[in-house]
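Q: These are the residues of each chain, in order.
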Amino acid sequence: MTEAATISYRPRERAEGIVIGAHRGRSSGGQGVFLDQVTYLRQPDPRRIDLRLTLRDPFENIYVRRFEQRLAIALYAIVDLSRSMSFEGTARKMELVAELCTSLSHSAHELGDAFGVIGCDSTVREDFLFPATRNRGVEPAIAQRFSNFIPERRSAAGLTQAAIYVAGKRKLVFLISDFRMPLPQIERILESLARHDIVPILVSDSAEDTELPSFGLIDVRDLESGAGKVVFMRPALRRRWEAEAAARRQALDFLFLRYGRPAFELKDKFDADALSRHLLEI
Amino acid sequence: MNYMVAQPGFLWLLLLTPLPFLVSALRQAPFPSLDGVPRDTASSLVSFIIKAAAALAIFAGVFALARPYRLAENVKLLATGAHVVILMDRSLSMDFTLGDDEVQGNQESKTDTATRLLMDFVNRSPHDQFGVVAFSSAPVFVLPISGHRDAVKAAITALRRPGIEGTNVGLGMQLALAMIGHDPEATSPVVLLVSDGEYGGAGFFQLELQDALRKTFQKEHAHLYWLFLRPHKGNEDVFSPPPKGAEDSPHTKPERHMDLFFKTLGVTYRVFWADSPHAIQDAVAEIDRLETRPVTYYEEIPRQDVTPFFYGLAAFASLLLVLAKFAETGFRRPSAFVREASAT
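Chains as they are written, first to last, in the UniProt record's numbering: chain G, 1 to 282; chain W, 1 to 344.
Each hint can be trusted.
In silico EDC-like cross-links for lysine to aspartate or glutamate, where the CA-CA straight-line distance does not exceed 16 angstroms: (1) G:K267 x G:D209; (2) G:K229 x W:D35; (3) G:K229 x W:E328.
According to the in silico footprint, chain G covers these stretches of chain W (three or more CB under 8 angstroms from chain G): (4) 23-34; (5) 320-333.
These are computed hints drawn from the structure, not numbers from a lab. As the structure is a prediction and not an experimental result, all values here were calculated from the model. The beta-carbon is built from N, C-alpha and C at its ideal position, and this holds for glycine as well.
From just these sequences and the hints, can you work out the full model?
A: Structural data, given as structure tokens:
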């Protein structure tokens, strides 16, 4: 296995908690990056009296330096493990997801953050549950769990129950799915996770919506329901297909934006830099 | 329409017919969700056509294996024309030439002339139906009234056999009328007597027979035409009364008395002289003029094997399936390169 790529990320709001880490915290303390100076009355900490400012002040107030306390956060990857994720087009979706989770755990532990994985299909899978931990030893375990996993259940209903496992303080939650479910169901999932910083990762494939064959017969099998349908592919239908896929994508983004962030499209190949840019931009 | 199969055991395989509607023969392309596939009428149509073609291929193939055939049957056909019974004289005298000589070199016997003229007649009247009766001392049933040209021509050709002593026109005519009586469709019947007259005169003019013939002719409304195989310009006119003093009886002048008798039948009656170059045209024209009512007739259609039709149907359906198979495609798959790269 190659060394996992590092992903840079930043929570949208200041972290809370007590574990010292890399992210800007909500509380100010005695260590960290200089924040501001306040009067001694506001922060009676004689160890950090700013002598220069105190002497300069004509009103003879006493000033204390404040520092921004950097804190660690917890990251969770909530992974859709339903059958539709076993799609193989330009790439294998599960491989992309495994790569992403490995990189996330690696990056989180580099920064001293905790990382956990919650795998869901029709329920939350107890055998695919890695509670957030700062322990690096869990990284090979996660990679190994992904390597021999084959999605088999026909529903992703468990995604709505995953919120129970990420309860508590605000966390950075990567919601990794192909989002091939009705929009109301996606909205329920987002609602259940609303107190967290949700990063939707839309796992897609160009074979699904843009790199379609322009002519021929396709016997499409629904990976989840197993139902089949013969499609007589032709340029006109291909245009319609692409248009519908784009419209759905737009509707999804509209929905995701209401809950914080637009989706990052994990398409065909995992690009850690692109994900970093996406996470830092917003 | 009645159809039967020769090998009904294969019909159990018909249970396979709905199979294409249950399983697909196309290569399956897994896709995350059918919700992402646009609804398309043309696709549904093509899908149905493929399934139907597959079902048809199985259905027709099984039927072809069972070797279906259509039962022999009578078909009612409608045509305009007459029912003509050819009443052919097969007496010994017919084997002589028109001049009553032995046939020498490439001379034509009366039989040859008659068959030639009859062939001509059959060829010129495409919608008429023909029956054939031959007679010498006794009548011979040759061919019932039929529209089959080939059968009629074969029957006429078969008349070209050496003749037999004796000329019994009366019995032959009775058989011809019986043939007409047996055909309920013979609404405009014609008896075409082909004869060179009665040499020697067998018992034609029995009174009972005359009465019976007269009754039957009137009952059947049959018309009588006589293709008379004698030179027109003979030494004496066979139909005119004999010179004074000579005996005027059926024994001395049988043709004259036949003619007289025919005239008393009360039906249309004409004599055509066979040596006249227009004899046949005249006869055809006459018959056409008189007999143009629509006639219905039944035709026997033999049992027919329809297996090739079902094989053709199965082949056609299979061709559609092959085309579908050629048009088959799928979504892009991970290439070997990607697979290898991700494995490392």
